[in-house]
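2 protein chains.
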Amino acid sequence: MPMKNGNIDDEKLAGFASRVLQKMGISKEDSLITAQKLVQTDLRGIESHGVAHLGPFYVRRIRAGLINPKPNIKIISQTPTTAVIDGDRGLGFVVGHKAMLEAMNKAATTGVGFVSVRHSTHCGAGSVYSLMALSRNMIGISMTTGGVGIEVPGSRGGGAALNVISIAAPADEEPPFVLDMAASVVAAGKIEIALREGKAIPAGWAVDGKGNSITDPRKYYTDKGAVLPLGGSTLLGSYKGFGLSVAIEILCSLLSGALSIPQIVGRPDYEGSANHFFGALRIESFTPVAEFKKNMDEMVRTYRSLPKAPGVERITLAGEPECNLERERLKNGIHFHPSVIASLQKLSQELNIEYDL
Amino acid sequence: MPMKNGNIDDEKLAGFASRVLQKMGISKEDSLITAQKLVQTDLRGIESHGVAHLGPFYVRRIRAGLINPKPNIKIISQTPTTAVIDGDRGLGFVVGHKAMLEAMNKAATTGVGFVSVRHSTHCGAGSVYSLMALSRNMIGISMTTGGVGIEVPGSRGGGAALNVISIAAPADEEPPFVLDMAASVVAAGKIEIALREGKAIPAGWAVDGKGNSITDPRKYYTDKGAVLPLGGSTLLGSYKGFGLSVAIEILCSLLSGALSIPQIVGRPDYEGSANHFFGALRIESFTPVAEFKKNMDEMVRTYRSLPKAPGVERITLAGEPECNLERERLKNGIHFHPSVIASLQKLSQELNIEYDL
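If you're matching them up, the sequences are chains R and E in order. Add 211 to a position in the first sequence, counting from 1, and you land on the number used in this note's numbering. Add 211 to a position in the second sequence, counting from 1, and you land on the number used in this note's numbering.
Derived by calculation from the structure, the hints in this document are not laboratory data. Heads up, some of the hints might be wrong.
Identical copies carry no separate label here, and so any pair may be met within one copy or between two of them.
[Claimed, not checked] Here are the simulated lysine-lysine pairs, DSBU-like style, with alpha carbons at most 30 Å apart:
(1) K505 to K285
(2) K519 to K239
(3) K519 to K430
(4) K519 to K421
(5) K285 to K504
(6) K430 to K410
(7) K519 to K435
(8) K519 to K401
(9) K285 to K421
(10) K401 to K430
(11) K401 to K435
(12) K504 to K519
Can you make the complete structure from the sequences, with help from the hints?
Here it is, written out as structure tokens:
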């Protein structure tokens, strides 16, 4: 179906992304998993983690040998409720998808399932994994390590990893709750977007390697920049953002038997390495699902009906704007920044793949 | 053993607290559990949640009928990995202690255990539960709801609950990692401490009911105050702090079949009500314990050896200052603010209990 206003159709986009990945040596099945997740990310408006990364991130890293296109993803150890998976440096989307499925399968049998994953690579937005749990009436949890780039309280420069946690829970009529957050004030991807759009970043997001506040996104890349931990300053709780980064590190890296991300800084054999942690809680093992979902609706409506600050039209919970955007974009297509379109066109030329978007 | 400088011995303090609670109708066993946790909290320097609360919080609430001194704490539903417990409005420390033990016992058998708890009451600092897991070589997780008091982004006044998450993981030679944080910029207890000490609070902690920043802690109580969600402003990620509050709410309240805290505002039948969530992950079910702990040590040392900002002596992880303080206070006793001493003396008079501290 042709799209209005130059917007791109999600299915066509997924087809294109899948063909790109197959050209890079990824199996058809794995390319479809990855393409679906990249496009879902764009549908939900998390443009820092969608197809904009296809060329500059994934294709580049496969070419550089940092991502193994034919990984032997294997379970290292397991119990009925837990597993450790080695991703063999496969594409993070594929490793993550399989590990989350494993957590959910365990939860279906025992009530809860937790899987810690080592030797994986960048797996995109955390919510594409936590969301998988909803159709099975589970609460989904996903965590991943990022690169080192959070200033540690008391230090200078990026010392902690840009780790991410996502938690999703289903509602009945209301949109599901979907928290998806880095342990920092902002995801580094937001600085990438500002750079792409030639805009300044707000004070309070990032600092240079000497701890000076920066508003020019270029300086993040040229001056050994770091983003601030959630909280911003020690007076306002930055040790909490740092603490969240470390907690995620423990569950992803240490529990899977991997070294933590700060320990592998500068080691070429670990370049682009990421570790993950996935969890699923079967709601029915705790409380009746229908009651839980109805109660979720009522809770959401309680927050929504709080007194509004002047100028605010609607109070929203995590996941609601993304859910609405997804519906709208499924109908009208996805609008991309011209630089993203250009990067997709460039990929089509480089890889000799038809550009049909 | 007599203490120097008017400091108070931890064991004597626990004995005193236990006698106070028994006088209020709490069983000896339950009073000892509670006293131990209150004193542990003070040993670790979390003075907003220790014996300072004994009279004004717990004794007052037992007297007011808000806490049931002889609760029938029971398991409502369970599987080998999960349970829902009804606390029968018992003292939160007792309910929490039993629920955390249940989570750990399940983890010992199956690898992981998760317990969601409804109809409990204020259970103090989150870390006194997560810490229980360490001696059994587990990662401990605890969450609890607090009262409504976080300003929701886009709203005015306290709309979300002051919910708390704690995660603890053991190391080998290094102090354990112990994150213990409210989803807000600061715990409301820090405003209580400022009030106790007659000090101003920093801008960025709290607002009045109209959303104006306040620095006089009294206004928090007189002008319908609220603390800001971690992040502070929407530009700096306050939706993340709010999202954490909601995520904790879901795991504590909705998963246990309770109404969320925002839904019970103003309902006298729910006054002082709290819900909890406890989890335990048996490390050995994922990876060898000795390796995990050694790796924890190395990770801690990696963070510690990061470049230091000018004037900073040591970079610390969550739990390290508290661990050091606990060692020091076990030796030298606990120093309290005179107002806390006065409140303990007042309790001894009111309840006709010998003051031997």
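Now the hints, each set against the structure:
no.: 1; hint: K505 to K285; verdict: between (39 Å within a copy, 25 Å between copies)
no.: 2; hint: K519 to K239; verdict: neither (49 Å within a copy, 48 Å between copies)
no.: 3; hint: K519 to K430; verdict: between (37 Å within a copy, 21 Å between copies)
no.: 4; hint: K519 to K421; verdict: between (40 Å within a copy, 10 Å between copies)
no.: 5; hint: K285 to K504; verdict: between (35 Å within a copy, 24 Å between copies)
no.: 6; hint: K430 to K410; verdict: within (12 Å within a copy, 39 Å between copies)
no.: 7; hint: K519 to K435; verdict: between (40 Å within a copy, 15 Å between copies)
no.: 8; hint: K519 to K401; verdict: both (27 Å within a copy, 27 Å between copies)
no.: 9; hint: K285 to K421; verdict: neither (42 Å within a copy, 55 Å between copies)
no.: 10; hint: K401 to K430; verdict: within (14 Å within a copy, 36 Å between copies)
no.: 11; hint: K401 to K435; verdict: within (17 Å within a copy, 35 Å between copies)
no.: 12; hint: K504 to K519; verdict: within (25 Å within a copy, 48 Å between copies)
Checked against the numbered hints given earlier, this structure breaks hints 2, 9; the rest are met.
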